[in-house]
Amino acid sequence: MADSLLISVSATRVSAAPWRGGGFGEYTVFDNDENGLAAFKEYLSRAPRLPVHMVVDAVEEDYRFESLPHSYGRDRREMVNRKLKQHYRNTPYASAHMQGRDSGKRRDDRYLFCALINPDLINSWLQLITEREMPVAGVYLLPTVSAVLLDKLKITQPNLLLVSIHESGMRLTFFRDQKLRISRLARTEGGGHDALKNYAAEISNTRLYLHALRVMTLDEPLSVLIIDRDDSLAELTQLIARDSPNIECRHLGRQEIISTLRIRAQALDSSITAFYLYLLGLRAPANNLAPAGVTLGFRQHQARRAIYALTGVAATAAAIWCTLSLYQLYDIGSDVESAKRSTAELQAKYKAATLQFPSAPTNAENLRRAVEVSQRIGATTRSPELMMDIVSEALENHPAIVIRSFGWRYDRNEIGADTAGAKAAPGAAAAAAADSGRRKQSGSIEGEVRPFRGDYRAAIEAIQSFVGTLSKRPEVAEVKVIKLPLDIDQKLSLSGNTVESREQTGKAEFRLVVVLKPTV
Amino acid sequence: MNAYDLRALRNPLIALAIVLAVGAQAIYYLNQLVTSSREELAKQVVQMRDARTRLQKSGEEKQVIVRYLGDYQALQRIGFVGDEQRLNWLEGLRLSNQQAQLFGINYQISAQQPYPYAAELDPGQLTLYQSEMKLGFSLLHEGDLMRFLNALAQQGAGFFSVRECKLDRLGGGTVRFQPNLHAECSLNWITLRAPAVGDGKS
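Chains R and P, in that order, give the protein sequences.
If you read the first sequence in the working numbering, its first letter stands for residue 38, the second for the next number, and so on.
If you read the second sequence in the working numbering, its first letter stands for residue 557, the second for the next number, and so on.
Derived from the structure by calculation, the hints contain no laboratory data.
It is possible that part of the hints are untrue.
Subject to a maximum C-alpha distance of 27 Å in a straight line, what follows is the list of computed DSSO-like cross-link-like pairs (lysine-lysine) [claimed, not checked]:
{"no.": "1", "chain 1": "R", "residue 1": "LYS377", "chain 2": "P", "residue 2": "LYS599"}
{"no.": "2", "chain 1": "P", "residue 1": "LYS613", "chain 2": "R", "residue 2": "LYS388"}
{"no.": "3", "chain 1": "R", "residue 1": "LYS191", "chain 2": "R", "residue 2": "LYS216"}
{"no.": "4", "chain 1": "P", "residue 1": "LYS613", "chain 2": "P", "residue 2": "LYS599"}
{"no.": "5", "chain 1": "R", "residue 1": "LYS509", "chain 2": "P", "residue 2": "LYS722"}
{"no.": "6", "chain 1": "P", "residue 1": "LYS618", "chain 2": "R", "residue 2": "LYS388"}
{"no.": "7", "chain 1": "R", "residue 1": "LYS520", "chain 2": "R", "residue 2": "LYS509"}
{"no.": "8", "chain 1": "P", "residue 1": "LYS618", "chain 2": "R", "residue 2": "LYS386"}
{"no.": "9", "chain 1": "P", "residue 1": "LYS690", "chain 2": "P", "residue 2": "LYS722"}
{"no.": "10", "chain 1": "R", "residue 1": "LYS509", "chain 2": "R", "residue 2": "LYS528"}
{"no.": "11", "chain 1": "R", "residue 1": "LYS554", "chain 2": "R", "residue 2": "LYS520"}
{"no.": "12", "chain 1": "R", "residue 1": "LYS528", "chain 2": "R", "residue 2": "LYS544"}
{"no.": "13", "chain 1": "P", "residue 1": "LYS722", "chain 2": "R", "residue 2": "LYS386"}
{"no.": "14", "chain 1": "R", "residue 1": "LYS554", "chain 2": "P", "residue 2": "LYS599"}
{"no.": "15", "chain 1": "P", "residue 1": "LYS690", "chain 2": "R", "residue 2": "LYS386"}
{"no.": "16", "chain 1": "R", "residue 1": "LYS377", "chain 2": "R", "residue 2": "LYS388"}
{"no.": "17", "chain 1": "P", "residue 1": "LYS613", "chain 2": "R", "residue 2": "LYS377"}
{"no.": "18", "chain 1": "R", "residue 1": "LYS191", "chain 2": "R", "residue 2": "LYS122"}
{"no.": "19", "chain 1": "P", "residue 1": "LYS722", "chain 2": "R", "residue 2": "LYS544"}
{"no.": "20", "chain 1": "R", "residue 1": "LYS377", "chain 2": "P", "residue 2": "LYS618"}
{"no.": "21", "chain 1": "R", "residue 1": "LYS388", "chain 2": "P", "residue 2": "LYS599"}
{"no.": "22", "chain 1": "R", "residue 1": "LYS554", "chain 2": "P", "residue 2": "LYS722"}
Covered by chain P, according to a simulated footprint, are these stretches of chain R (three or more residues, beta-carbon under 8 Å) [as the list claims (entries may be wrong)]:
{"no.": "23", "stretch": "113-121"}
{"no.": "24", "stretch": "209-220"}
{"no.": "25", "stretch": "240-251"}
{"no.": "26", "stretch": "359-369"}
{"no.": "27", "stretch": "377-383"}
{"no.": "28", "stretch": "386-397"}
{"no.": "29", "stretch": "512-519"}
Beta-carbon label-pair distances, calculated as ranges [unchecked claim]:
{"no.": "30", "chain 1": "R", "residue 1": "ARG487", "chain 2": "P", "residue 2": "TYR663", "range": "48 to 58 Å"}
{"no.": "31", "chain 1": "P", "residue 1": "ILE570", "chain 2": "R", "residue 2": "VAL96", "range": "16 to 26 Å"}
{"no.": "32", "chain 1": "P", "residue 1": "ILE570", "chain 2": "R", "residue 2": "THR225", "range": "32 to 42 Å"}
{"no.": "33", "chain 1": "R", "residue 1": "ARG299", "chain 2": "P", "residue 2": "ALA580", "range": "43 to 53 Å"}
{"no.": "34", "chain 1": "R", "residue 1": "THR65", "chain 2": "P", "residue 2": "ASN567", "range": "44 to 54 Å"}
{"no.": "35", "chain 1": "P", "residue 1": "TYR560", "chain 2": "R", "residue 2": "ARG126", "range": "24 to 34 Å"}
{"no.": "36", "chain 1": "R", "residue 1": "GLU374", "chain 2": "P", "residue 2": "TYR560", "range": "39 to 49 Å"}
Ideal placement from N, C-alpha and C gives every residue a C-beta, glycine not left out.
Generate coordinates for the entire structure from the input sequences, incorporating the hints supplied.
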């Protein structure tokens, strides 16, 4: 159990002890009266605001074992709440704890209902705790905290009667299959050997009582575990063995308690209540009698702790992440510095090496590229010479063709590209499109056919022949006829006269564009 | 959870919110730093490799300088490398006109601009420019055009590329030693600039 304040309330006394780090703190006892309340108030004012677990050791307790139809969730809660209200109308301190299921066909759920019948016994004490703003984690009946003892002692007997002697009487708690069934606080009188006899008789009576309640039959073996914190009940074991041979009796003496539970001897010697508080500190039972209104503060306390825990986890995760990032930064920073140093060293060595170089206006790469670029420019420049040669050679075979104007261009756009109506020589258009991104030579030839006496057919044939001669040159990609002496396009109108004369009549003008291959 | 619970949990919730906000901001900030540091490291590593490669090739570089320096200096002398030598061009025009026995040349030089065909020449860090020169002159016959262009190329006034020429027959016709043709040509004078040693690009 986490750090908390353990409080035991009985009819006569109230005990308190802080539980820290898995062990008992100072054990303090108060009388259950006005003075005790005042002292307890003073005690609380000095105590840290720890969650409070309270056990009640009183005769005003009730245990009922019942089977209810098997159900789940909300139905189960509603049914159990109805039963609690039905059984314990006058107290808010009641609880139901499911202890498994019946073995019959219906497989009903088995519940242990328990309650503190007299809430006034603890109300004043709880009020002081609430005023101090200490969260109440739970209120339990004292026998319910005994279950942890069975686990510690590894007790497997099906019917076990746990016996301990308290200031207010003898506490007898019966466990069936290690589960609490019933407990009673019997008042015993007398001292010394008479008391032991009375204890033995009470145990025998309890066995009959269990038989009467049909909790167990008389034929069934019963084990008795006597909690003897001051070794005063050793003879009781012998008495039981002698008087009731069918009862298996085990004596849990002071040393065994200390060695098994590791409780401090000083605390154990102070009171049997300290023993039960210690068991409560080891593990709080499930049978919490406190209603939701009483444990509200504890739920908030738990929520606060959970949020703080989450905050801690988030802060830790962020811190770890940031630490890793900082380490990465440091690591990368070291690598950067190392790379910078290496670069500087290499540059220094390079600089030293360049001192041996001939003095140059730019670096070696630029020198090389500049020379290569100049060579490439030389290789890519063109002059009109080739185009002029091609036209001149063609003219030698066509004396009727007279050139009036000659143009040449070396560019991506051929000369006269803007002129509409150009008629390319067949098969040349595809090649021209493929090479449109490269520079190429193109020439423009404007001229006329001489002599011309009105015979357009002969003139056009002469021009076409000239075009054919040009096209035959391997350097020529295409020859476009831009203009002919007569436009015979059927989409246009045409007019003139057919007078024939020996003299020059009109002009047979034409215009061509010669495009050379881009590789030329 | 009701308002009362929220009031009771206010402080831890505020603490949680602060831790989450501060933690998220710190993580984001540090992640940014780590990312930029990684980029810086990558850059430094590249620089280091470049420096190593350059050092390893320094011997080769020396050979290149020895091999190309003379040609480069020749290109500087003719005005191909460096600023435009327009005076040289005009001097070249004048001499070419004399050598080709032309009748005088009209010229017009436009402002310098980037050379549009530079990408075809793979210039690297070098920058190429051109200035268009338009020429107008008269010729006795067609052959004078090529004589003039060849003469201009021989002047060593720089690198030029002829873009366009147009020859038109003049009227009038057959008088001896009178121009028969008129030529209009467009040349591009090409120059190159290289970053000097120590410009950081080299």
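Against chain P, does the stretch 386-397 of chain R show at least 3 residues with beta-carbon separation below 8 Å? holds (count 8)
LYS528/R and LYS544/R: Cα distance at most 27 Å? 23 Å, holds
Check of the stretch 359-369 of chain R against chain P for coverage (Cβ-Cβ below 8 Å, three residues minimum): Check passed, 6 qualifying residues.
Outcome for the supplied range 16 to 26 Å, where the beta carbon pair is ILE570/P and VAL96/R: Roughly 49 Å apart at Cβ, these two residues miss the hinted range, so it is violated.
Pairwise hint evaluation, LYS388/R against LYS618/P, where the allowed Cα distance is 27 Å at most: Holds - the C-alpha atoms of LYS388/R and LYS618/P are around 12 Å apart, at most 27 Å.
Are the Cα atoms of LYS554/R and LYS599/P separated by 27 Å or less? With a Cα-Cα distance of about 47 Å, the restraint between LYS554/R and LYS599/P is violated, given a limit of 27 Å.
Quick check: the stretch 512-519 of chain R, covered by chain P? Criterion 3+ residues, Cβ under 8 Å. Violated, because only 0 residues of the stretch 512-519 of chain R bring their Cβ atoms closer than 8 Å to Cβ atoms of chain P.
Taking 27 Å as the top limit, are the C-alpha atoms of LYS690/P and LYS722/P close enough? It holds: about 11 Å lies between the C-alpha atoms, which stays within 27 Å.
Given the hint that LYS509/R pairs with LYS528/R, does the C-alpha gap stay at or below 27 Å? Status violated; Cα separation ~31 Å.
Under 8 Å between beta-carbons, do enough residues of the stretch 240-251 of chain R, three at least, approach chain P for the coverage claim to hold? violated (count 0)
Between the alpha carbons of LYS191/R and LYS122/R, is the straight-line distance 27 Å or under? This hinted pair is violated, its Cα atoms lying about 36 Å apart.
Has the given pair, LYS618/P with LYS386/R, been kept, meaning a C-alpha gap of at most 27 Å? 14 Å, holds
The structure fails hints 10, 13, 14, 15, 18, 23, 24, 25, 29, 30, 31, 32, 34 and 36 (numbered hints given earlier, in ascending order).
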